[in-house]
Amino acid sequence: MQKKFKIEVDCANCAAKMENAAKKIDGVNNITISFMTQKMVVDVDDSRFDAVLKEIVKTCKKVEPDFEIYL
Amino acid sequence: MTKKQKRVLYRIILSAVLSIGIHFIPVTGVWQLVLFLIPYLIIGYDVLRKAVMGIINKEIFDENFLMAIATVGAFLLGSYAEGVEVMLFYQIGELFQSYAVGKSRKSITELMDIRPDYANIEQDGQISQVDPDEVTVDAIIIIRPGERVPLDGVIVEGTSTLNTSALTGESLPRSVYPGDSIISGCVNTSGLLKVKVTKPFEESTVSKILDLVENSSLKKAKAENFITKFAHYYTPAVCLGAALLAIVPPIFVGNFLEWFSRALTFLVISCPCALVISIPLSFFGGIGGASRSGILVKGGNYLEALAVTRTVVFDKTGTLTKGVFAVTSLSPAEGISRKELLETAALAESYSGHPISRSLREAVETALDPQRVSDVEEIAGNGVVARMDGKAVAVGNARLMERLSISCQENNGIGTVVYVAVENQFIGSILISDQLKPATQKAISGLQAQGVRTVMLTGDSSQVANAVGAQLGIDEIHSELLPADKVTKVEAFLSQKPARSTLAFVGDGINDAPVLSRADIGIAMGAMGSDAAIEAADIVLMDDDPAKIALAMRISRKCLRIVKQNIVFALGIKALCLILGAAGLAGMQAAIFADVGVMVLAVLNAMRTLKVKE
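Going line by line, the protein sequences match chains A and B.
The first sequence begins at 1 in the numbering used here and counts up by one.
The second sequence begins at 1001 in the numbering used here and counts up by one.
Derived by calculation from the structure, the hints in this document are not laboratory data.
For glycine and all other residues, C-beta sits at the position ideal for the given N, C-alpha and C.
Check the hints yourself; a few may be wrong.
So the derived label-pair ranges between C-beta atoms look like this [what the hints assert, rightly or not]:
| id | chain 1 | residue 1 | chain 2 | residue 2 | range |
| --- | --- | --- | --- | --- | --- |
| 1 | A | D26 | B | L1041 | 45 to 55 Å |
| 2 | A | F49 | B | V1052 | 24 to 34 Å |
| 3 | A | G27 | B | V1253 | 50 to 60 Å |
| 4 | B | W1031 | A | G27 | 46 to 56 Å |
| 5 | B | I1579 | A | N20 | 40 to 50 Å |
| 6 | A | F49 | B | S1181 | 37 to 47 Å |
| 7 | A | D26 | B | H1023 | 53 to 63 Å |
| 8 | A | K62 | B | W1031 | 17 to 27 Å |
| 9 | A | D45 | B | Q1032 | 50 to 60 Å |
| 10 | A | N20 | B | R1500 | 23 to 33 Å |
| 11 | A | G27 | B | I1055 | 26 to 36 Å |
| 12 | B | S1445 | A | G27 | 48 to 58 Å |
| 13 | A | K62 | B | L1037 | 25 to 35 Å |
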């Protein structure tokens, strides 16, 4: 399932770093984090959507503590 | 400024005041260190934390790490004031950068924002404003002058002119009357309109466009990925360089502390901020500028590909031509008036839904009385025979005339020829053809001037195709193609195209969708094009104007040029500063000022992509 979220990232480089880290999470088919539009689009297995999303947010916060997501 | 930026600003002021104040306190040794640590931690705690987090997460080499090493190094050297200053300057630079980028980003998104805020609904005689999301299909909405059309619909009452410039980039106002369908995103300029909604908000034109534009920044250009990869190698490389600078020269010339301090300066200089920020901004600006001109580009990668397009393949009908058939000439036989010929043909065809019949009816200016016609019989692939005012009438192609053995004067015009006979007597012929769009000639010559090879593919007869092609001066023409043939043709072109160049296909129909996705760049006609074509395309021309292709190519080249300028400029200045720093000619403060300066210039340069010259 594909879903779009509004996020807050401070720099283009951090967005790229978060994207790379989140791509490695099990259950994530695809993820794009755009600094320009401040949007995150995730494509995640339907069955475990919430769990995987939580994992993504955790990973992103680890890479960039200032990361915010509006669910 | 955002909350976050304001917080940083307060920290900067507080830390600056404190560090200046400390100069007047007569302490030395450990106490001086403790005092300087206060402003240092106020200004730099987040950088230090991120640097540590980076090490824990095995994402060591980033700018936080560089700054942490450089300032901690300064403290180790005993130059406490310098350590605080460097962190202070770094934060000022970062604040400035985030402010500048935030501003630029906002001005781009504002340009592209065509989202309507509300819709007016009439309920029990009261007009109330509701969220466009909540309006259902078939509801009647009211649009006052000056308001944006919130949803797609059909006018039930009122006439007005619409400004479609937000959608098409064209400032020519469009007049609308009851019965016309209007699309969301236009601005109602003169009259009050009552509109019956035909599509829910999620499916309306505005939603679709916003979706396209928003998703466009998710498709990254190669140049953008290059930066990510570049940073991956660059930071470890400069760290290694700094380490060598600190260790190798002192072995030969001694004075370890001096070289250590130079190595720290080297690290500060090496931050690749300007590069990292300006490139996505350039692409974003390019996409924004294009969308203002009615060209929707679905990603930075397509903008990049468009800059090196050497072959443009056009579908004919609906792309180069209007896709609407119209009567272009009347050739009555002797003793017959033009009006009589046209009316006879239009009346006989008045019951048919064929596009040819429609164009005949549209050419007649006066109202026709269908009661005059009876016994209509359609002969598939030939035409129509009927009785009109009691007389036998035959309207159709040459085959019909042959079938009824009516001798007629042959018409060799380009297009579809309709022969008309009354009581087996030929009374004339009518030429119906598809007309070229007014901008088509400009489109082709504009592309050829840029050195692009133009090709036309069509399912139409070779006679029509060659005539159109010759008129436009198209380089290559392939006619009588089935939809599947178009794919094979485009595949052949793809294998023949010059190295490192791309091929664009321009089309509008449902049949074009496979070709659109097969070509390097698929360009669809937005207003007339089918949803399937728009979905499959990479670039959508909102006003169906083929001349926009040359404009889009110019925008893409300008954007790429700016990206390259920024890469060369930022790296060049960086290299120069690195050398100066290594030679001991530039201090840390100078290094940070250089960094911020380069960043600001690069961002300003990136913002030029927004401006589009017609």
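Now the hints, each set against the structure:
1. D26(A) - L1041(B): 45 to 55 Å: violated (38 Å)
2. F49(A) - V1052(B): 24 to 34 Å: holds (32 Å)
3. G27(A) - V1253(B): 50 to 60 Å: Holds - the Cβ-Cβ distance for G27(A) and V1253(B), about 57 Å, lies within 50 to 60 Å.
4. W1031(B) - G27(A): 46 to 56 Å: At 54 Å between Cβs, range holds.
5. I1579(B) - N20(A): 40 to 50 Å: Roughly 32 Å apart at Cβ, these two residues miss the hinted range, so it is violated.
6. F49(A) - S1181(B): 37 to 47 Å: The hint (37 to 47 Å, Cβ to Cβ) holds, given that F49(A) and S1181(B) are roughly 38 Å apart.
7. D26(A) - H1023(B): 53 to 63 Å: holds (55 Å)
8. K62(A) - W1031(B): 17 to 27 Å: Because 37 Å falls outside the window, the suggested range is violated.
9. D45(A) - Q1032(B): 50 to 60 Å: holds (58 Å)
10. N20(A) - R1500(B): 23 to 33 Å: The hinted range 23 to 33 Å holds for N20(A) and R1500(B), with Cβ atoms some 28 Å apart.
11. G27(A) - I1055(B): 26 to 36 Å: Roughly 27 Å apart at Cβ, these two residues keep to the hinted range, so it holds.
12. S1445(B) - G27(A): 48 to 58 Å: holds (53 Å)
13. K62(A) - L1037(B): 25 to 35 Å: About 27 Å separates the Cβ atoms of K62(A) and L1037(B), which means 25 to 35 Å holds.
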